[in-house]
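Dock chains U, V and S against the given chain R, drawing on the hints supplied.
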Amino acid sequence: MEKNEKELAQLIQEISGLNPKKCMKCGKCSGACPAFHEMEYHPHQFVDMVDRGDVNRLLESKSIWMCLTCFACVERCPRDVKPANFIEAARLALIRQQGCNHLKDEAVPPLLDEEMPQQAIVSAYRKFKK
Amino acid sequence: MQRIGVFVCWCGSNIAATVDVQQVADELAKEPGVVYSTNYQYMCSQSGQQMIQEAIKEHHLTGIVICSCSPRMHEATFRKTAAAAGLNSYMVEIANIREQCSWIHKNKEEATEKAIILGRAAIAKVHLNAPLTAGESPVVKRALVIGGGIAGIQTALDIADAGFEVDIVEKKPTIGGKMAQIDKTFPTLDCAACILTPKMVDVAQNEKIHIYSYSEVESVKGFVGNFTATIKKKARYVKEDVCTGCGLCTEKCPMKKVPNEFNQMLDNRTAIYIPFAQAVPKVATIDPNACMMLKNGKCGVCSKVCTAGAIDYTQKDEYIEQQYGAIVVATGFNTIKLDNFDEFAYSQSPDVVTSLEFERLMNAAGPTGGTLLRPSDHTHPHTLVFVQCVGSRDISGCGKPYCSKICCMYTAKHAMLCREKYPDTEVYVFYIDVRTPGKNFDEFYRRAVEEYGVHYIKGMVGKVAPKDGKLMVQASDLLANDQLLIEADMVVLATAIEPDESARSIATMLTASMDTNDFFTEAHPKLRPVESPTAGIFLSGVCQGPKDIPETVSQASAAAAKVIGLLVKDKLTCNPCVAESNELMCNGCSACEKVCPYGAITYSDKEFRTPYRTTIMRRVASVNPAVCQGCGACTVACPSGAMDLKGFSTRQIMAEVDAICK
Amino acid sequence: MQVEETKEFKPTIVAFCCNWCSYAGADLSGTNRLNYPANVKIIRVPCSCRVNPMFILRAFQRGADGVILCGCHPGDCHYTTGNYYARRRMTLLFSMLDFLGIEKERTRVEWVSAAEGAKFAATMNDFVATITKLGENRRLEDIRCKKQ
Amino acid sequence: MVYSYFPGCTLKNKASDLDLYARKSAEVLGITMEEIEEWQCCGGVYPLGANETAPKLASVRALVAAKEKGQDLLTLCSACHHVLKRVNNDMAENENIRTKANNYMQLEVPYAGETKVVHYLEMLRDVVGFDQLKAKVVNPLKGTKIAAYYGCLLLRPSKVLGFDNPENPKIMEDFIKAIGAEPVIYPYRNECCGGYMAMENKELAKKKSSTVLQSAKENGAECVITACPLCMYNLKVNGGVDDLPVYYFTELLAQALGVK
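Protein chains in written order, with the numbering used here: chain R, 1 to 130; chain U, 1001 to 1662; chain V, 2001 to 2148; chain S, 3001 to 3260.
Treat the hints as calculated values from the structure; they're not laboratory data.
Note that beta-carbon positions come from the ideal geometry of N, C-alpha and C, so glycine has one too.
One thing to keep in mind: the hints can contain errors.
Stated by the list, open to error - Here are the simulated DSSO-like cross-link-like pairs (lysine-lysine), alpha carbons at most 27 angstroms apart as the crow flies:
hint: 1; chain 1: R; residue 1: 130; chain 2: S; residue 2: 3100
hint: 2; chain 1: R; residue 1: 25; chain 2: U; residue 2: 1337
hint: 3; chain 1: S; residue 1: 3159; chain 2: R; residue 2: 25
hint: 4; chain 1: S; residue 1: 3236; chain 2: S; residue 2: 3170
hint: 5; chain 1: U; residue 1: 1662; chain 2: V; residue 2: 2010
hint: 6; chain 1: U; residue 1: 1467; chain 2: S; residue 2: 3206
hint: 7; chain 1: V; residue 1: 2133; chain 2: V; residue 2: 2010
hint: 8; chain 1: U; residue 1: 1108; chain 2: V; residue 2: 2119
hint: 9; chain 1: V; residue 1: 2010; chain 2: U; residue 2: 1030
hint: 10; chain 1: R; residue 1: 130; chain 2: S; residue 2: 3014
hint: 11; chain 1: S; residue 1: 3206; chain 2: R; residue 2: 62
hint: 12; chain 1: U; residue 1: 1337; chain 2: U; residue 2: 1458
hint: 13; chain 1: R; residue 1: 129; chain 2: S; residue 2: 3206
hint: 14; chain 1: S; residue 1: 3170; chain 2: U; residue 2: 1467
To be verified - Label pairs and their in silico Cβ distance ranges:
hint: 15; chain 1: U; residue 1: 1651; chain 2: V; residue 2: 2009; range: 26 to 34 angstroms
hint: 16; chain 1: S; residue 1: 3057; chain 2: R; residue 2: 105; range: 20 to 28 angstroms
hint: 17; chain 1: V; residue 1: 2009; chain 2: U; residue 2: 1054; range: 41 to 49 angstroms
So here's chain R without its partners, still in its complex pose (with noise of 0.2 angstroms):
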């Protein structure tokens, strides 16, 4: 069954656990993050997004696939909103769809090289594919 807009967001704000409404709008973590222009939509956004359930938008950009999750967002917060978790959050409720892995099996092994570490790989499958 289709989701609407609402419901998806209401879903990101389950899987995050968390309460966007804590949100002061200070824009720290768009300050903070390192990967900012990168993104379409910034970290700040993703928060304010999810609070008010317009998630579309957000779920086609590339945007959430951009994060780092280097938690600085998360450190600096003044307000202990995590906006790294929504952004996770966006990506599993995405992920959790049939066929909607953003990374293709067949996309990995163009991507290595000699030198990679297991660990990227291990991760990079983590956050972007169930």
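Just chains U, V and S now, kept in the frame of chain R:
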């Protein structure tokens, strides 16, 4: 057995229209103990009151019940009436048959029945009433002000103006507090020293005010009107009454590398020092942690150069005991430590400063003589970044959950002054919200933007990275939805403020309550904002919550007015409806003491007789009736039923319950 | 078939109101002529924290069908913290009463400010309706105390 | 002191140096590292979703194994350390996850976060002591200017990891001093290297790692040390600063202790 009189009021038709007053009077006349019952058109009128007084005398009544309007309306009236007829005013009970009966019920039968029940409850209660006398306690006509900042200064001046003695206890060597460190004041940009130092001089010259500088309050005992405080005068190794404040010692002292607190550690002072030129009292103080003479007996230069002979290396701490009628807390604030905010590189670069440090850097009497120079290399900065809300509004545990209130305005001031003095600078302010409620405040902020060209950016700094002597400021610009990287010369952090570290121990000493942030709680957040719930303790300035100078001064004067209102009284009448402990039943468990919001309950060991002519020492609670406000929290906390509330005793309330449920 | 005439059930309800907020709120609902049933009888106490759990047990013992405690809103207590004490004590008492089989709905704590006359009336109307639906309280009533 | 040791997949393969030198050094320092039997991959990343229990089970197994031996659990790889510590914290504090994980594991005694997870650096600081370490150094790296690179996973979120001040850490700097070298403080030592994005978005990883290395170099570093295989990869392959070698901290430790 009481002889009770019942008086049912018609209140014109207000009661009589829906309640059969005759029937009520008749029914209540049948109650045990009721010897007289009547009804009348207007009980509160002159003739109604006269009727009550006559009945009291004629029927030798020991208690009366008035069935009328709410006690909130006329309880005081009828108490006076009773007292005038020689009946103790606490032998009066009101049955509220207007607001809580005739006005809300339409059915006359129902309303009459309810009025009778309410009357019965009041009769049941009055049976158990005992005459109460409001106690009196004397008032010592002297006030103690803890803290000598602008709040303490203003409070002391106002109290002294009314003719009362005031003592200011200040832990630093001089009064003046934080305001003395500030350069200019918003929104008028007066020089802080120009408006503060005359007040400090007024304090020094006022005969009614005594300053205990470099002193701390050691302990406080007693209660409203009658506190006893012990003040510790710390040894300053300089005879206060001999020192002329010439400052020669401070010039000659060889120990010149002591961080200077007054300049926020931005430069150094000597071991013997006078914090600043306009200090009050203008007396030198020796820092025992830095003085070579005090540490290892080698030096003594100051003593040699002092022509007045004021230096005394053998001075000891001195303790002074003094009585006070009222105590004002004006302990003020400090900026928080920035250990949890290293993303702003405060500990890594001297060019990242707090706003209070910035005040000193802009101040003509500051370490740079008022020329804005970077602390690292003493060069002129061209790009300055101000960061708001550093540690304020932070619930992550790193900072403070509240808004520090003053930062928006002082940052606007700093930014404006910066642009005014140095038009070649670029000034950026990163804000979350700009909060400028206050007279001429928003206009001031807008002037900073519109006339002085300060760049206000909605967003927050995420990281400051020192690079090649510059500071790379990475921040968000939420309106442009962008992340900026600004190459700055200085970063100024609007650091959150917190209550002074002494506040908690002082609150404990005074049994004054505090909130979770260590701000003192006021007796009522709206209606009694300058009083502590503990009687006789008053609050002035930031110790109660963040506030700016105008607000602090108005609160200080308000606190002074409250103190004066207390000190003009020769005696205090106490509310007689206070808690009372039955010592025979008390088991000394402290449960009541813990719930008492006023610290009215104390424990003492008392000797009791036991059978066989022996005695036993037991710890028992006693309530100070001058301090108790009569809430009754202790009565319920008491596990042994020893604690009761006069006027609302357990038996009285039970009797009402019984009467209603019968 | 014999039809017994049943009397309309009119519950007895005791309301404890703190002097500073709720009692004033009750007065205000009177001033504004906002009706609520006559079953509610108010006992004035200085603060909600003066209400001993014993008072409530006593009321039930003596035949009350419902007891409601009204105090100042959290943070507004005249005595700073009294209503917090009351809230804690009542939470414990009510859960014990619940355990004893006294329906949860028979007891209630409400915050009514001096300005909330309408809230006071609405609360009482609702409470009386609830108790009326529940019927007579038999569980704790001491029949020895009952007047025949 | 005997530790249960969780090496993790990368240390068995690409990052075998990190593991090898750690073991050699531990021997000198009187620390025994007992590798947990049949350990499973921690997953590399800590699952952030509130309702993800299964991906945490591998870590719980390792934690339980250490608990059964009555030992603290020693880790080396930043990622393993991060995941194990956070899962352990969940087991101690998150009732929902604890209940689910315990139901799944069917242990005789339920696990509630009793094991202490210790990073090798923490062990050096708190158990061996940097002063003691200094005393055991035979080849002090005199005068070498070393930049410590922490990355993200060791430090953040600091409330759970409790490793060091997340914005101004000093544990690695103290380590550098202990082995006789000179630490270089530079602002980007706790910024991300690009992490697992190295696979999908190499450009981003390049940008991030070169910022780090350039900052280290500008501040006079002669080499960089790290505790994370992925950081090592990014700095080396994507960092773009060829004349700044990157080592695992254990390699320099072994060198200083004379067991390299």
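Status of each hint after checking the structure:
1. 130(R) to 3100(S): 20 angstroms, holds
2. 25(R) to 1337(U): Within the cut-off at roughly 24 angstroms; holds.
3. 3159(S) to 25(R): 22 angstroms, holds
4. 3236(S) to 3170(S): 23 angstroms, holds
5. 1662(U) to 2010(V): 13 angstroms, holds
6. 1467(U) to 3206(S): 20 angstroms, holds
7. 2133(V) to 2010(V): Between residue 2133(V) and residue 2010(V) the Cα gap is close to 10 angstroms, so the pair holds against 27 angstroms.
8. 1108(U) to 2119(V): 24 angstroms, holds
9. 2010(V) to 1030(U): 25 angstroms, holds
10. 130(R) to 3014(S): Answer holds: residue 130(R) to residue 3014(S) is near 25 angstroms, not above 27 angstroms.
11. 3206(S) to 62(R): 19 angstroms, holds
12. 1337(U) to 1458(U): 25 angstroms, holds
13. 129(R) to 3206(S): 24 angstroms, holds
14. 3170(S) to 1467(U): Holds, at roughly 19 angstroms.
15. 1651(U) to 2009(V): 26 to 34 angstroms: With Cβ atoms ~31 angstroms apart, the hint holds.
16. 3057(S) to 105(R): 20 to 28 angstroms: 23 angstroms, holds
17. 2009(V) to 1054(U): 41 to 49 angstroms: For residue 2009(V) and residue 1054(U) the Cβ distance comes to about 45 angstroms; the hint holds.
Violated hints: none; the structure is consistent with every hint.
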